[in-house]
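Q: Same order as they appear, the protein sequences are chains A and B.
Read in order, the letters of the first sequence correspond to residues 9 to 281 in the numbering used here.
Read in order, the letters of the second sequence correspond to residues 9 to 281 in the numbering used here.
Quick caveat, the hints were computed from the structure, so don't treat them as lab data.
All values reported here derive from a predicted model rather than from experimental measurement.
There may be inaccurate statements among the hints.
Just some of the chain B residues that point at chain A, by a computed CB distance under 7 Å [what the hints assert, rightly or not]: (1) Gln32; (2) Lys112; (3) Arg220; (4) Asp227.
For lysine-lysine, the following DSS-like pairs were computed, each having C-alpha atoms within a straight-line distance of at most 27 Å [to be verified]: (5) A:Lys230 with B:Lys198; (6) B:Lys135 with A:Lys74; (7) A:Lys74 with B:Lys257; (8) B:Lys145 with A:Lys37; (9) A:Lys37 with A:Lys272; (10) B:Lys198 with B:Lys257; (11) B:Lys35 with A:Lys135; (12) B:Lys35 with B:Lys257; (13) A:Lys58 with A:Lys271; (14) B:Lys58 with A:Lys58; (15) A:Lys35 with A:Lys257; (16) A:Lys230 with B:Lys94; (17) A:Lys198 with A:Lys167; (18) A:Lys71 with A:Lys257; (19) A:Lys166 with A:Lys135; (20) B:Lys135 with A:Lys37; (21) A:Lys230 with B:Lys257; (22) B:Lys74 with A:Lys74; (23) B:Lys230 with A:Lys59.
From the three backbone atoms N, C-alpha and C, an ideal C-beta is built for every residue, glycine too.
Listed here are the chains, written in short residue letters.
Protein chains: 2
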Amino acid sequence: MEQAIGVIDSGVGGLTVAYELMRQLPKEKLIYLGDTARCPYGPRSEEEVKKFTWELVDFLLEKNIKMLVVACNTATAFTLQELQEKLDIPVIGVIQPGARAAIKFTRNNNIGVIGTEGTIRSEAYTKALESIHSSIKVNALACPLFVPMVEQGILTGKKAQEVVESSLSPLMEGEMDTLILGCTHYPLLKQTIQNVMGEQVTVISSSEETARETSTILDVHKIIKTGDVIPVHEFYTTGELEIFIEIAKSIFKDPYLQMVTIKKAQLGQTQKT
Amino acid sequence: MEQAIGVIDSGVGGLTVAYELMRQLPKEKLIYLGDTARCPYGPRSEEEVKKFTWELVDFLLEKNIKMLVVACNTATAFTLQELQEKLDIPVIGVIQPGARAAIKFTRNNNIGVIGTEGTIRSEAYTKALESIHSSIKVNALACPLFVPMVEQGILTGKKAQEVVESSLSPLMEGEMDTLILGCTHYPLLKQTIQNVMGEQVTVISSSEETARETSTILDVHKIIKTGDVIPVHEFYTTGELEIFIEIAKSIFKDPYLQMVTIKKAQLGQTQKT
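Model the full assembly from the supplied sequences, consistent with the hints where possible.
A: Quick look at the structure:
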């Protein structure tokens, strides 16, 4: 099926999901929309997040997408169920894939989750884990310093190591064997987080897992792309084009970077005309 | 949804998939049917495998299952597509989940696959991998000694190590970073295979991955079980009850073993009466 997979995010965090989609599903075309102008969604009310998310979804529906990936934890927590009920295309969020992967990996049913304050406060991961497996123990921790650090490009090295070590210290005493990176920015810190947690802990990237499950869902719905035409992906931002391009360059490596066009999005245009 | 997940296999190999389903989806009830009397399916013709598989499926459909897991590589290779087209419940096989997991894990696009001679000859894993990702290099190898060794209970120790080492030696010169265990018996040898391949190779259990994707599909189709009633699983064999019980005991540990009833199945009974 030639139609694209739509990906929405509050800004640039979802680019790690897009990168994994390109890597794991190289035949599929993506149309990504990041609402950088109104990022972050974390501190906003449920009503506002729903309104903004539907604006992003409407923009992508106009482009005839075959599936929707909600690559933002806050938007997933507040809108996934509604989107799944109201849209007639498959919709996946970033929370459930990370939860299911963690249940697969854990051997002692002790799972840690780190994320933004909003995501941890929403208890979305805890609820997702417990809905599948009642005897999972969840240790959830907000790491408010990680997103600003990633956005400054501090991913490895002494400074990153120090911040990650001190942030994760409340988790070090537990018996968890699996840690979910419950924020789409965190995969960029995966190596540093793995170093700090030690090899006995499996670190789960919800971006990798969401791409993996997108692959499953395309197969189950029989809408996977066949043929070998190399796709040209369309990326849109509601915010500053130059900043978005710089961050995209830092996340996508060749050959993926060559396959992406980045433009400014005008939301609600179709309604106005 | 209170209905059970149906699991079919040519014999006892699928019990590793059943174990993973119990572990990862502890609220779900399973009805398992192993065609031990006519095992193995590997050397049989496509026509015969299809006929036998439909007999297993009909037995489970009578029990009103909500989803079907084909926990046998041969049956998956020959019948998955037909089952998905003809049944109005979701159907998953054991090949695609392992392939998708390998694509997620690999970093150099070099993937190894081991399985029975029939599975390797069918090239089912190679086709599944290449349909998603054209530039994956696949190194496939039949390991005919592994199933008899597992069925004799030789899983670790010097003898197991020697057989695994000599069987896998053709793979040791390649650059693969990911190895798919493309046979449902092989997860019982996972530790020995991991020791032989070394830590730099990710070893993928298609049983673990099939259970993980079953979880995804239950969620997507909104047929996941809610509530906390502990299920009693029904297991059936077409062959010798005592042998089946012995093997089930060696695969399931407590508390899972306490949750299983095992009975002899009479195929085609409903048609006869």
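Q: Please go over all the hints and tell whether each is borne out by the structure.
A: Structure-based check of each hint:
no. : hint                   : result
1   : Gln32                  : holds (5 Å)
2   : Lys112                 : holds (5 Å)
3   : Arg220                 : holds (5 Å)
4   : Asp227                 : holds (6 Å)
5   : A:Lys230 with B:Lys198 : violated (32 Å)
6   : B:Lys135 with A:Lys74  : holds (24 Å)
7   : A:Lys74 with B:Lys257  : violated (45 Å)
8   : B:Lys145 with A:Lys37  : holds (22 Å)
9   : A:Lys37 with A:Lys272  : holds (19 Å)
10  : B:Lys198 with B:Lys257 : holds (18 Å)
11  : B:Lys35 with A:Lys135  : holds (15 Å)
12  : B:Lys35 with B:Lys257  : holds (21 Å)
13  : A:Lys58 with A:Lys271  : holds (24 Å)
14  : B:Lys58 with A:Lys58   : violated (48 Å)
15  : A:Lys35 with A:Lys257  : holds (21 Å)
16  : A:Lys230 with B:Lys94  : holds (14 Å)
17  : A:Lys198 with A:Lys167 : holds (15 Å)
18  : A:Lys71 with A:Lys257  : holds (24 Å)
19  : A:Lys166 with A:Lys135 : violated (35 Å)
20  : B:Lys135 with A:Lys37  : holds (21 Å)
21  : A:Lys230 with B:Lys257 : violated (38 Å)
22  : B:Lys74 with A:Lys74   : holds (26 Å)
23  : B:Lys230 with A:Lys59  : holds (25 Å)
Checked against the numbered hints given earlier, this structure breaks hints 5, 7, 14, 19 and 21; the rest are met.
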